[in-house]
Structures are given as C-alpha cells and as structure tokens.
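Chemist: Below are the chains, spelled out letter by letter.
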Amino acid sequence: MASNGIAQTVQEMIVATAEAVHQTELELEKPIGGAVWRSYSIPRVSVKAKFGVTVKKGNTVMFFDQPTEQQLFNTLNFSLYLAPESQPGSLTFPAVPPVRLLLPPFIVPLEERPRLLNEVKDGLQKLDARKFEREISKLDEAYSSHSDDPGLIFLRLGHDTRHLVVRLGGDRDGIFLLDTSSDLPLAVFSYIDMEGRVLPWQPFAELFATFRQWQHSNLTDDEHPDVALPDRLGAISVSDFTQGMWNGYTRTRTELSDSGDDAFAESSFYELRDVHAQLSYTVPRKAGGPEDQGTPFIRSQVLIGVDDRESLPQVRVQLVAPEFILVGEARSALLNLLQENLDLSRKNKDSLWSVLRPEYEGEYRKAFLDSQRQEQALMLLSYRDKPPQNEFLFVWSGQSAGEERDFAFRFHLKDKTLKQPELILPLEDPVDPKAPPSSPQRRWADAMVQYPKDHAGLHDFFHAIWVWDLAGGWFPRSTS
Amino acid sequence: MAKAEEKGKRAQKKDRRRKKAGQPAKPKPAGAAPSRAARAAAGKKPAQRQRAPAAARMAVAAPAVSVTDEGQQDLKLQDIFQLISSSLVTAQQGLDNESLKYVSAISDPRLQPALYSIPTVRAEAKVGLQKKTGSNLFVRLFGSPTDKTNYAESSISFDIVASPPPPGAFATIPSFLVLDTEKDEAIKKATGSTTVEDQLRASATVFRNPQDSSRPYIVWIAGSQPGAAFQLSRVSLDEKVSPDSVSISASQTKIIQILLDVAASIRDWEQKARPPKPTPAK
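First to last, the protein sequences are chains E and Z. Using our numbering, the final residue of the first sequence is 709, and nothing's skipped along the way. Using our numbering, the final residue of the second sequence is 301, and nothing's skipped along the way.
Check each hint, because a few of them may be wrong.
[As the list claims (entries may be wrong)] Using 25 Å as the maximum straight-line C-alpha spacing, the simulated PhoX-like pairs for lysine-lysine come out as follows:
| id | chain 1 | residue 1 | chain 2 | residue 2 |
| --- | --- | --- | --- | --- |
| 1 | E | K277 | Z | K207 |
| 2 | E | K578 | E | K648 |
| 3 | E | K277 | Z | K120 |
| 4 | E | K279 | Z | K95 |
| 5 | Z | K273 | E | K277 |
| 6 | Z | K145 | E | K279 |
| 7 | E | K578 | E | K643 |
| 8 | Z | K120 | E | K279 |
| 9 | E | K285 | Z | K150 |
| 10 | E | K615 | E | K595 |
By construction, these hints were calculated from the structure, which means they are not laboratory data.
Let the sequences and hints guide you as you build the complete structure.
Modeler: Structure follows, in structure tokens:
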C-alpha cells in the first residue's frame, strides 16, 4: 500500500518523541536533592517537522534532508501532553479514516459535475437544439479531455443552485450560467458559433464576488459530508497522505496507551494531540515551473488534521486554496510588487500607467491607495499552456462616474518585477476600451468585456483553473 | 587583552588546520564550558578555576554526543530533552546552594529567609531531522550555515516545569540536612573512600554547617557493629581542605546511644520524605 511509508514515518516520529520524552520525564521526576523538595516534569512537547514527499519503489515516502524548493512547505505538527491517565476514547479505529472534506465554496466536487454538465446540455437543447448542436458536441469533447485544451470547468457562485460553466477551446469558449432555482435555468453568454467578441461582465463579476466573499471570510470552506476524498487536490496526493497519517496516528495512540502489547507508558502517560499537516505544492523548476522560486506565487495548500474532540477521531482534509487564487504570503508579495510597479513612470513600458488613460489616473490612483480595496483585490493566475507560470490577472475595484466598478489587468512576473502590463477591463469605460475618452459611459450593470479567442485575461484565467483541475484527482487524468 | 586575542586566533587557526586535514573538530563533552582559548577569543578573562560543588552535579545525565566527520553533532531525540533538562537541574541546584548561602547570611531578623527556584523553562530548538536505519530518528542542531541547505528546518518545543511533591512526601526538606550526591561527596571526604556503599550511606548522617565556611558539612558515621566507635567530622568538599574528625570511643556508650537515636530518627524521616522510585520504562 502506497501509504505505508508515510504511516511508518509518522508513527516512528511520534513514538520516538513520546519515548524520548517519557524517558526524560522519568529521570526528571526524581527529586534533585538539596534543601527543598524539587523535581521537574515535561508537561508538553510540540514538534513541527518539515519534510518532503517522494515516491520510492511505488511507495510514497517522507524525507527530511536535502531540502528542495518545494520540500520546505510541507509540515507535520503534533503535541504530546502529560496526563495522569491514558488518553480517553476508543482504541478501536477503522482502517479507513472517517474524513471530513472541506473545500472553498466555489470548488465543485467531482460527484456533482456530470449532473451539471447534463443540465447545461439539456438547457441548450431546450433553448435551441439546432443552434447549439455543435456546442453540445464540444462540451462532451471537453469533458473527456485529458489535455489542457480543450477543457471544461465548473465553479459554484456562492450558492448551491448557481454555477458558472466554462468550456475552453476552439474559436470561442462556451460560457454558461446555470441557475437551477430559476425559471430560465441556463443563460448562454458565449458558445462556439457565436458572432462578436464582446461579452457581458456580469457572470465574471458574480464569480469574482464569490472569490472576494471567500477571501473576506478568511478563506472559510464548505463541508462536503457526502463527497469521497479525492486522490489529489491539485498536485497534492491527499488520499495517500491522509491514509498514512491516520495509520500513524492510530498506531501511536495504541502504543501510547497502556492496553497495547508494546505499550511503554507505565508511571505517566502522554496524550497525543494536535496532529495536523500542512501540505503545499508549487511547480518546481525541473518540472518547468517558474525560474524565480524565491516566493512561490503558484501554490496549492491543503491542511490535514486529526480531529479528536469526539470519541472516534476523524481526519479533517481542507483545501486551503487552489493554486489559481493567490492567498496569504504569496498574495502579499505580489501586492508589494504591484506597489513597486505603480511607482514607475508612465514612460516605462512595464509600468501599469503606460496602458491606462492618463486622464483617469486620479481615479485609478485613488483605487490603488485605498486599503479596503487592496484587501478586496483578487490576484489570480492567468497563463497559457502548462505547467503554470508566473502570470497574473488582477481584479480591482474603483469608482468612476459615481459608480462602484471593477477593473482588471494582467502582468507577467520576470526578474522579480512585474512586466508587460495588459489592460483587460478599464475602470472608466467598461463598454469599449478603445473608444475615445469623450464617448458616453454606460452604466456599470451593462458593462461589457472584450473576449476574443486569444484573450489575455479571462480565457487564460479559466485555463489556469483547468490546469489545476487536470493535475488533481477529480478526473483520472495524468499530469504530464 | 592583546594576548587573549592572540590565544583565540591560535585556537581558531588550529581548528582550521584540523578541518583542512579532514579531521573533525576536537570533540567537546556536552555541557562543557568553553575552552580558555575560546573565552580568550571572545575577549573574556578566564574565570578562576573552581571545583563544582557536588550539589551542582546533574541529576539527569547529559547525553554523550556523537560527532560526525564534518564535526557536527548528531543527537538522538532523547538527547535534546536530556540536554535541556540536565542544564535546568544543574542551574536549579546551583540556585539552591546560593539560596542557602543567602539564607545563612541573613542576620537581620526583620528579613524573611527566601529560597529561589526556576519554576519553568520553555525550550525551542531548531533542528534538522534525519531518518536513519530502523526507527531511529536523529536530530541535527542547526549551527553551521550548511545545515540549512542540507536539512529542512524543523522545530521541537517543550516546557519543563517544577512539579509538586508526590502525595505523602514532605514538601520541604530541612535546610540543614544534606542528601543525595552532595551527601555522598561529604561522606567520601570524611572517610577518605572513593565510593560510598549502601551500608556506609545508611549509617551516615550529614548536616549542613554554614557557620563554618572552611568546613561547611558535619558528618556522623555510626560504627557498623554495635558498640563500635562513632565518628564525627567537619568536612569541606574542597580537595585542599582535609577533614577535621573526632572519634567517640566505644566505651562512651551513653553518648553514642543518644547520637545513634538522633541519627536513626533523622534517617527514618529521610526515608519517608522520599517518594517511591519511578518504575523504569521499557
């Protein structure tokens, strides 16, 4: 079993620590002599072990030395607490861990996707079977795709009944908003044979609002009690590690108690608590990842922890953030780079100002300086091909013509600076970015965005989601 | 000062030569004080050589540290705990001694005697973990800059706290009574022997005698046979100070009996004050 290597290492680490502490505790319990009764005790030990994961002879194993650029981001934590009695609770553990899976609210689990696809196809047939015949065929093709083009992504829009479905590939991407609670369950924004290259911003605005809400609520995830643990989340082998950690945890609990054959606890007991791991993945250089790995901007994070508050412990598996949305340290680092870029002169071709209209500089500057807008800003991956590259789509909010609006732009990260700015959606005129400044502005609710085939921002952003999905375990796809 | 710096440089040169020759740096026992040369390099005047008092010896043995070819230390996980624990115990024992000196020195009746203690120590060690054959997990304390490139930086943190006496034990041992290693050292001085057998330890009672700074211990040793002589000694743990002993002749039966009764009462109390020894772990 692939998880044996992990299980053994986790178990050995915890047991070795417990044994070491126990031995020292026994020594310390002896009074040290002198004028006053005095002895010492170790009531708590916490270990934070950083490790890498590799596959050796078919076994997934942990290693601690020879750190790589990725290894430093995996940690295993556990604590041992001195107790007068052995740890309460049952020592009969199931072989397969009871899992609580938590995902960001916009992630759609595998089990739900076939249903959503069928609902989109049904909706298209009901709207106009002939008109959408080729689109339906393209949807099937994308769903069974094993490459980065074509692809099909599903995103939940803050509510169980509303989903954005994006088909990537061909001359035009398919963009659909599915609302099963509505009388008109399917809204079609783009399909393979559609004319024109300008789309309403509204479905994207709703998606970005969902992201912002999630970001604002400290990345709170939704629990999926009926969803099976996937093999992978992004490129992280969660299934393997979860099983390994569970095996290590249960074996250690048995060993620490006084009922096991190999129990070493006799005069005092240590309880095993706070067992959790943080797994991160970033694309290493050798796999074609970005050259600059100083700050890993492209990073998926998963937390796996044993929840032992109940008598039967459970393993909590939480996808903190998929790689296509930057959070935490990576987001802060990118924000700093943007601030540096905003200090550049308009004459510098890498300056964002060089692609913004000078007459609206005041509005933009105000938006960038507003700390609340900085907190709300979204920083997303947006690149072509694979593996992921340091190319980012920023979605910011500002005010123009008395209205709250979004604006969006994209940057490449090279040599630790942001370069090649591209304006995706301007703040000032969300209808036609190429119109002269004197053109009348429309209401924000009617905002449109250019979405040609080679669209630098949105298509590439959806592509980034698809590549993440492709590396993951939702579908039996290879990462090559 | 110039001399001291020169000494330090010489020591550093020596180490460099060793490294160049592929030899490990001279291993230093765990817990050892820095060498005179190292202190000199740091510009510190070497302290006057003093023999550590018996009480300052460790109750928790400091681990023997294995030194690798690169001169770096590989420790077992248990060593980390023992290193810190033994240091704490040593420090507390030193503090106890100093507290007693302080208490003895108080002559003003308005001042209350006070004993000082270290209630808790929080340790956090940055280490590299290494999995070796079998289930042995080794740790490398980060010292050299290469450690960070060879190992991922893990951490081990723990607390050591003073624990209350076990139920039934006396909370306080009288300050005049000397026990454990310190007692053995005083007995050795009084008898001139190099070891203390259980029988000898059982027949001896050691008192602290802060009034006499040259010989701060009084040792009573009852004869092993009934009617044997009773030895009384004033001793110091300083090697240079010889014990001042007097023997009460076996014919002084009344005096000896009184002394034996007092000693027996104290030993009886001493036994009760001790908690049962913990069962060793497997």
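Chemist: Take the hints in turn and mark each one as holding or not.
Modeler: We went through each hint and held it up to the structure:
At roughly 47 Å between alpha-carbon atoms, K277(E) and K207(Z) are farther apart than 25 Å, so this suggested pair is violated. Simply put, K578(E) and K648(E) have alpha-carbon atoms about 8 Å apart, close enough for the 25 Å limit, and the pair holds. The hinted pair formed by K277(E) and K120(Z) fails the criterion: a straight-line CA distance of about 42 Å is larger than 25 Å. This hinted pair checks out: K279(E) and K95(Z) have alpha carbons roughly 18 Å apart, not beyond 25 Å.
Distance restraint check for K273(Z) and K277(E): the Cα-Cα separation of roughly 67 Å exceeds the 25 Å cut-off, and the hinted pair is therefore not satisfied. This hinted pair checks out: K145(Z) and K279(E) have alpha carbons roughly 11 Å apart, not beyond 25 Å. Taking the CA atoms of K578(E) and K643(E), the gap is near 14 Å; set against the 25 Å cutoff, the hint holds. Among the hinted pairs, K120(Z) with K279(E) is inconsistent with the structure: their alpha-carbon atoms are about 47 Å apart, more than 25 Å.
Among the hinted pairs, K285(E) with K150(Z) is consistent with the structure: their alpha-carbon atoms are about 15 Å apart, no more than 25 Å. Between the alpha carbons of K615(E) and K595(E) the distance comes to roughly 36 Å, so the proposed pair goes past 25 Å and is violated.
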